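With the hints as constraints, model all of the structure from the sequences given.
There are 2 protein chains.
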Amino acid sequence: MSPKPLHLNAFLMNTGHHEASWRLPESDPLSSTKIGHYANLAQIAERGKLDSVFFADSPSLWGDIGRRPSGSLEPTVVLAALAAVTEHIGLIATASTTYNEPYNLARRFASIDHLSGGRAGWNIVTTATLDAARNFNLDALPTHAARYERAEEFLRVAKRLWDSWDDSAILGDKETGLWGDQRLVYPAEHAGEHFQVAGALNVPRSPQGHPLLVQAGSSESGRAFAAAHAEAVFTAQQTLEEAQAFYADLKRRAAAFGRDPGQVLVLPGIVPVLGDTEAEARELEAELDRLIVAEYARDNLAGLLGVAPEELDLDAELPANLRPESEIEGMKSRYTLVVELARRERLTVRQLIGRLGGGRGHRTFSGTPEQVADAIVDWADNGAADGFNIMPAVMPSGLEAFVDKVVPILQERGRFRTEYTGTTLREHYGLPRPENPRRREALETAVRGVLAHSR
Amino acid sequence: MSPKPLHLNAFLMNTGHHEASWRLPESDPLSSTKIGHYANLAQIAERGKLDSVFFADSPSLWGDIGRRPSGSLEPTVVLAALAAVTEHIGLIATASTTYNEPYNLARRFASIDHLSGGRAGWNIVTTATLDAARNFNLDALPTHAARYERAEEFLRVAKRLWDSWDDSAILGDKETGLWGDQRLVYPAEHAGEHFQVAGALNVPRSPQGHPLLVQAGSSESGRAFAAAHAEAVFTAQQTLEEAQAFYADLKRRAAAFGRDPGQVLVLPGIVPVLGDTEAEARELEAELDRLIVAEYARDNLAGLLGVAPEELDLDAELPANLRPESEIEGMKSRYTLVVELARRERLTVRQLIGRLGGGRGHRTFSGTPEQVADAIVDWADNGAADGFNIMPAVMPSGLEAFVDKVVPILQERGRFRTEYTGTTLREHYGLPRPENPRRREALETAVRGVLAHSR
Numbered sequence: 001m002s003p004k005p006l007h008l009n010a011f012l013m014n015t016g017h018h019e020a021s022w023r024l025p026e027s028d029p030l031s032s033t034k035i036g037h038y039a040n041l042a043q044i045a046e047r048g049k050l051d052s053v054f055f056a057d058s059p060s061l062w063g064d065i066g067r068r069p070s071g072s073l074e075p076t077v078v079l080a081a082l083a084a085v086t087e088h089i090g091l092i093a094t095a096s097t098t099y100n101e102p103y104n105l106a107r108r109f110a111s112i113d114h115l116s117g118g119r120a121g122w123n124i125v126t127t128a129t130l131d132a133a134r135n136f137n138l139d140a141l142p143t144h145a146a147r148y149e150r151a152e153e154f155l156r157v158a159k160r161l162w163d164s165w166d167d168s169a170i171l172g173d174k175e176t177g178l179w180g181d182q183r184l185v186y187p188a189e190h191a192g193e194h195f196q197v198a199g200a201l202n203v204p205r206s207p208q209g210h211p212l213l214v215q216a217g218s219s220e221s222g223r224a225f226a227a228a229h230a231e232a233v234f235t236a237q238q239t240l241e242e243a244q245a246f247y248a249d250l251k252r253r254a255a256a257f258g259r260d261p262g263q264v265l266v267l268p269g270i271v272p273v274l275g276d277t278e279a280e281a282r283e284l285e286a287e288l289d290r291l292i293v294a295e296y297a298r299d300n301l302a303g304l305l306g307v308a309p310e311e312l313d314l315d316a317e318l319p320a321n322l323r324p325e326s327e328i329e330g331m332k333s334r335y336t337l338v339v340e341l342a343r344r345e346r347l348t349v350r351q352l353i354g355r356l357g358g359g360r361g362h363r364t365f366s367g368t369p370e371q372v373a374d375a376i377v378d379w380a381d382n383g384a385a386d387g388f389n390i391m392p393a394v395m396p397s398g399l400e401a402f403v404d405k406v407v408p409i410l411q412e413r414g415r416f417r418t419e420y421t422g423t424t425l426r427e428h429y430g431l432p433r434p435e436n437p438r439r440r441e442a443l444e445t446a447v448r449g450v451l452a453h454s455r
Numbered sequence: 001m002s003p004k005p006l007h008l009n010a011f012l013m014n015t016g017h018h019e020a021s022w023r024l025p026e027s028d029p030l031s032s033t034k035i036g037h038y039a040n041l042a043q044i045a046e047r048g049k050l051d052s053v054f055f056a057d058s059p060s061l062w063g064d065i066g067r068r069p070s071g072s073l074e075p076t077v078v079l080a081a082l083a084a085v086t087e088h089i090g091l092i093a094t095a096s097t098t099y100n101e102p103y104n105l106a107r108r109f110a111s112i113d114h115l116s117g118g119r120a121g122w123n124i125v126t127t128a129t130l131d132a133a134r135n136f137n138l139d140a141l142p143t144h145a146a147r148y149e150r151a152e153e154f155l156r157v158a159k160r161l162w163d164s165w166d167d168s169a170i171l172g173d174k175e176t177g178l179w180g181d182q183r184l185v186y187p188a189e190h191a192g193e194h195f196q197v198a199g200a201l202n203v204p205r206s207p208q209g210h211p212l213l214v215q216a217g218s219s220e221s222g223r224a225f226a227a228a229h230a231e232a233v234f235t236a237q238q239t240l241e242e243a244q245a246f247y248a249d250l251k252r253r254a255a256a257f258g259r260d261p262g263q264v265l266v267l268p269g270i271v272p273v274l275g276d277t278e279a280e281a282r283e284l285e286a287e288l289d290r291l292i293v294a295e296y297a298r299d300n301l302a303g304l305l306g307v308a309p310e311e312l313d314l315d316a317e318l319p320a321n322l323r324p325e326s327e328i329e330g331m332k333s334r335y336t337l338v339v340e341l342a343r344r345e346r347l348t349v350r351q352l353i354g355r356l357g358g359g360r361g362h363r364t365f366s367g368t369p370e371q372v373a374d375a376i377v378d379w380a381d382n383g384a385a386d387g388f389n390i391m392p393a394v395m396p397s398g399l400e401a402f403v404d405k406v407v408p409i410l411q412e413r414g415r416f417r418t419e420y421t422g423t424t425l426r427e428h429y430g431l432p433r434p435e436n437p438r439r440r441e442a443l444e445t446a447v448r449g450v451l452a453h454s455r
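Which chain is which? The protein sequence lines are A and B, in order.
Mapping of the first sequence onto full-length UniProt numbering: position 252 corresponds to residue 252, and the numbering continues sequentially without gaps.
Mapping of the second sequence onto full-length UniProt numbering: position 283 corresponds to residue 283, and the numbering continues sequentially without gaps.
Each hint should be verified, as a subset may be incorrect.
The list makes no distinction among identical chains, and a pair is therefore deemed to hold if it is satisfied within one copy or across any two copies.
[As the list claims (entries may be wrong)] Taking lysine-lysine pairs in the DSSO-like style, the calculated list, with each CA pair at most 30 angstroms apart, reads:
(1) LYS174 / LYS405
(2) LYS159 / LYS34
(3) LYS332 / LYS174
(4) LYS34 / LYS49
(5) LYS34 / LYS174
(6) LYS174 / LYS4
(7) LYS4 / LYS332
(8) LYS405 / LYS332
Hints were generated in silico from the structure; no laboratory data involved.
All values reported here derive from a predicted model rather than from experimental measurement.
Next comes the structure, spelled out in structure tokens:
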């Protein structure tokens, strides 16, 4: 049996995932609000036949703007703009279930799916920052549990809305003047704990039926949600052993939900730092780390750990008395990953900042294109990944290097497509278009009515 | 003094504003979800050097899909897609203050303003349908007054957010590693009746500062809101006298708010039905009216009037016992316009449907290009309009006819631009970029602190 083909997503972020990337001579420090920059990146990724590009998001201004490019264009409108300048590549945006209404968000993703010809994906997040809560009428961050409960109901409503038009509801019959068949429109009729949504979506069912559903939380609730609903999972994993454990756990959980584990794709993040020689790659990595302003980075780390910046000595290890993950209401799994990384490798705060500055908890891998390709195939062949979330340290140059130097190696080895074979994002990932259950449900209800009446 | 130049907006809607336009041989009945259709329309409008294109919107599925093309792509993502395939023309989308959160919506418009290079406009609506309320956790439509109160506060918050970055906040200084000046970021710090929004927007101030603010309600509250805030006003006016009265009223109200009346542009809707001869134009209009399915149209009219469809006899006038406008919580001014039109011209329900099917209350004008140009100039020269909201009965053909036949006449008469002279939507409309008051406010606060301390 030939090995499974890999799936590759490009995680786009202004000048790159290394927080000091904007300081390199090649970088445009103002790129974060320039759509031309993102259009260029998406076109580079499409040249490499990647499955998709992806944008992270949170509805708040993150930290001090002194440190690094801050602020960003809202990702759903960015996807719409990119759909117009690309033809094949999938387009995934992050959006929060805690700070949106299902009708609005389901509609935007259905619209993007239409205008991209079936290339939309939604990275479902519950948004774990107090800053965001305070932009949406709240004084406190809703608990982790409350956010995930709302997310469950949100997604249920969104699916009802995406399925509220039968695929055959539109007739367009000019002769009779009958544009559509109202009997094949199914109002959401949802009345739940968090939401009441009565009507049908005002967007016909989209090319993919539902956008691709992506998830990136690795906490207990996050894994449960991913196993129940996600079709692609982005995850931060530092070692092969951890990645294998996560992969096996998620596939097992998906099976326990009655799902085909092959339809839940696990994509660990990797921050490739590429050079034509190992020395060149290490030099680029070192240059980037030198450009980090340590004091700013310490403030950010302190925020993640929930301690005051003064409690972190740059040249000492992390304090011993940090809180357990169970007490963290924010990004639980990221918290644990960072603390475990620091403890395992006995890193000073300064060293930890270097590691995080590169990939914010994701695995940084410096090397030649051959070495990066080996690292990717190694995890895929050892039960740790169905593909990768590529997070170039510097963009566009790092994405170009990956596409032009690493992708051809994966193609030569028969592990990556040389042409797009499908037209939708679901087809790129080998996932089916969801059936619409509503017509059958409506028929069954009608039949039950007739039977009850005939008794 | 040469007469003022006109402003022209193209109101885009699937196959055209006549509800039966989709039944014409030339029309694609599936165009409403095709972005290529809207890209074509926007490019036609841009070829005619129009100020802007515009999309109406409501977050609910409107009526029975049997009657005419239903469902539509969400307009903010449509604007983003159109920004990528046009260069000059302004892009205006409708969005509801009742069913959005200020942080999310302010952010999307700021993002579209960035990615279009300063071409975004927001048509502010409060959304007057029960169907929409029932998609957003409500059992009843909020009252007209409550919706406008929320809109006032919504807009105040949105402006705080658009102004939360000083124009000079970004430094991008690679040498020192200082990307921005956090002192020039001003959190919204809004705590009001409907909203609490603490933070700054996570989008830097956009090319236009604020998107162009558009309004289209003509009720008492709608006019007050427009006079206080709007920079362009779309309105439905059937006769010159009514249009003059509305124009004068709005300018007077704007002045009473201390605003320059010249910076509140009034654009009545006009539905041009063009033919090379008058007879040709009338034949097209008659053909369209023949294609209306009267029973469907009656249902829709009944909904607007708040009566049961059976109460409307197709071949009789409207019932005498309709409610006064004051009891209507929905679209007040549209209700009155329709009732007055029917009573004034003693129209049967069937005749009224023909008039509404063409323009839904807007003025239909059939004629040659010369006649349409005359009609436009006539209102502009007689204190009834600063420009027009062009609503072609059939699209693309009616928009093409307007751009290729009417626009050149207006250009020859020196009443319309022959090239774009500005780059932003505000520049097209001759409106200034709003200043950002926050830096001065922050300085004044600091000075007061120093003075208090020195006493």
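Q: List, from low to high, the hint numbers that the structure doesn't satisfy.
A: 3, 6, 7 and 8
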